[in-house]
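Working from the sequences, and respecting the hints, build out all of it.
So the mapping is simple: our numbering equals the position in the sequence shown, first residue as 1, plus 2.
It cannot be assumed that every hint is accurate.
Think about it this way: if two alpha-carbon atoms lie no more than 20 Å apart in a straight line, the pair counts; the simulated SDA-like pairs of lysine to any residue are [unchecked claim]: (1) Lys-76 - Leu-108; (2) Lys-296 - Gln-351; (3) Lys-270 - Leu-376; (4) Lys-270 - Glu-465.
No lab work stands behind these hints, which were simulated from the structure alone.
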Amino acid sequence: MWDSSDYCTSTCEDYPEDIPSYGDIGGIGVSTNLPHTVGITVRHIHETYSDEVTLAFVLTAWMVVLVLIGYYLKAFDPKLDPFRKEGTQKLSKYPNSVDYFVNNLLQKVPGLGNDSSNPVPCRSLRLGGIFNNCVLMFADIQSFTALAILISAYVAMGCDIVAYHWQYMIYLAWMASVTHLASLSFLRNHLTNNFVKCIWRLTAMAVIQILLSVAVGLATTFGDNPWYREADQLIGIEVPPAEGGRPAICYFKQGVDVNSITFSSGVKMILLLLWGFSIRIAKMFERFEGGLRKFAYRMHHKSRILRYGVDDGSTTQIWDPRARRKGQGFFGHLLEPFKIAILVVLSIQLDFLTSFLAEVYWLLFTIIYITARLVKFRIPSPADDNKWTFGQVLPLILLVAPIAIAIESFYTAPKTHTPQMAHTNTQQMNGPGSGLDPVAGLGHVDSLAYRGVFFLAALSYIEVGIYFVLDQPDTEGLALPLLQIALSILLLQPLYQIYWV
3 MWDSSDYCTS
13 TCEDYPEDIP
23 SYGDIGGIGV
33 STNLPHTVGI
43 TVRHIHETYS
53 DEVTLAFVLT
63 AWMVVLVLIG
73 YYLKAFDPKL
83 DPFRKEGTQK
93 LSKYPNSVDY
103 FVNNLLQKVP
113 GLGNDSSNPV
123 PCRSLRLGGI
133 FNNCVLMFAD
143 IQSFTALAIL
153 ISAYVAMGCD
163 IVAYHWQYMI
173 YLAWMASVTH
183 LASLSFLRNH
193 LTNNFVKCIW
203 RLTAMAVIQI
213 LLSVAVGLAT
223 TFGDNPWYRE
233 ADQLIGIEVP
243 PAEGGRPAIC
253 YFKQGVDVNS
263 ITFSSGVKMI
273 LLLLWGFSIR
283 IAKMFERFEG
293 GLRKFAYRMH
303 HKSRILRYGV
313 DDGSTTQIWD
323 PRARRKGQGF
333 FGHLLEPFKI
343 AILVVLSIQL
353 DFLTSFLAEV
363 YWLLFTIIYI
373 TARLVKFRIP
383 SPADDNKWTF
393 GQVLPLILLV
403 APIAIAIESF
413 YTAPKTHTPQ
423 MAHTNTQQMN
433 GPGSGLDPVA
443 GLGHVDSLAY
453 RGVFFLAALS
463 YIEVGIYFVL
473 DQPDTEGLAL
483 PLLQIALSIL
493 LLQPLYQIYW
503 V
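As structure tokens, then:
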């Protein structure tokens, strides 16, 4: 620990060329090889900091990502009610058409299709339980990891943490937060059936989001100058001062430059945090997600009635309802196809919002972005500076424990279920009052019109993701890029989709 009385006064006025070491952050309690000298070079702090911490954190986060992707590819069943009781196979009244469409595509991929010897309900129930245990364990690890990083950073706020360390802490905490948020959506069925588990995890997640948002807000005071100076920049070349070695608290006391890239990046990150947390909290409640699914279903059902004039699920055009309407003018007759197309587009957009595919997409997109940012902080160095020592090896060895538990879950889970469970599931799926199979109304997902609108809607998600994760000249600022995206998503993309339909 450094003496804050004199150190802050001097370094707030100066811009050190080197980033001072901070072993508590660099090792997160296990690093003993980090030098405790104040004047360590920027290259050395990059190597020691990144090697021993980044690998451990990134590998843990990517384990969660791989488990969630594996669940979506192999065990996810879009026909099941996400709010059903655990251990049952109750069908959803309003299955998500986007997930159903993607699931049909995955069934055609070798190795991902259903095994004829293993019924879908039994396979889904078994694999779902296995993935549930794995994600629950990894999600709790990510939750406590994010809390530990953020609380430690706030406690040590002062002269101990320089701007570089503060920004690095934000990326590590954000990675843990993102993976835990995605896990909440995956664990929705488990948490809705276990109220106490749901409450304390949501509370912990809310605390993490508040601490992380405040940390990002404080980081918007950092300037756009480089974090460090390369060796060739120190000899006879006039360059902006390096900001990475200056205590972070020095920037917190300064004003915010609203025209800087740092400010716009911070605002975008806060928007992502607020949106990710609020939408996942809302999707934990059946009234919200069930209401959106029901509304999407009604939009699609109404479009089919306008198009075919028969019950939903039919693909035969018996009569044209537009020609049968009395008192309908010429322009009303011309606008009828656009009305049908708008209903279809609204239905697909709502299904995208409530789909598990969107969860996987945002998780994968964000985790790749954060990983790339962490790698960008890492500077190439000579081989002698990258030796594996105690501080680098220990965090990686500790990863064996969760991996071993995950492997054990896959090999010790029961392969079959009792006839009583299967009988109960059959009653729930086909019992009195259950109605017809809701999947019968999803035959439209194989049509060319639906596939075209699906891929056009997916482009909107890709466009939004590119804006939020890139800090390039074309995506700088807030008002103009957001206006362009709004026009594209709310006007251009719907028009393309309407004309396609």
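Hints and how they fare:
no., hint, result
1, Lys-76 - Leu-108, "9 Å, holds"
2, Lys-296 - Gln-351, "13 Å, holds"
3, Lys-270 - Leu-376, "18 Å, holds"
4, Lys-270 - Glu-465, "14 Å, holds"
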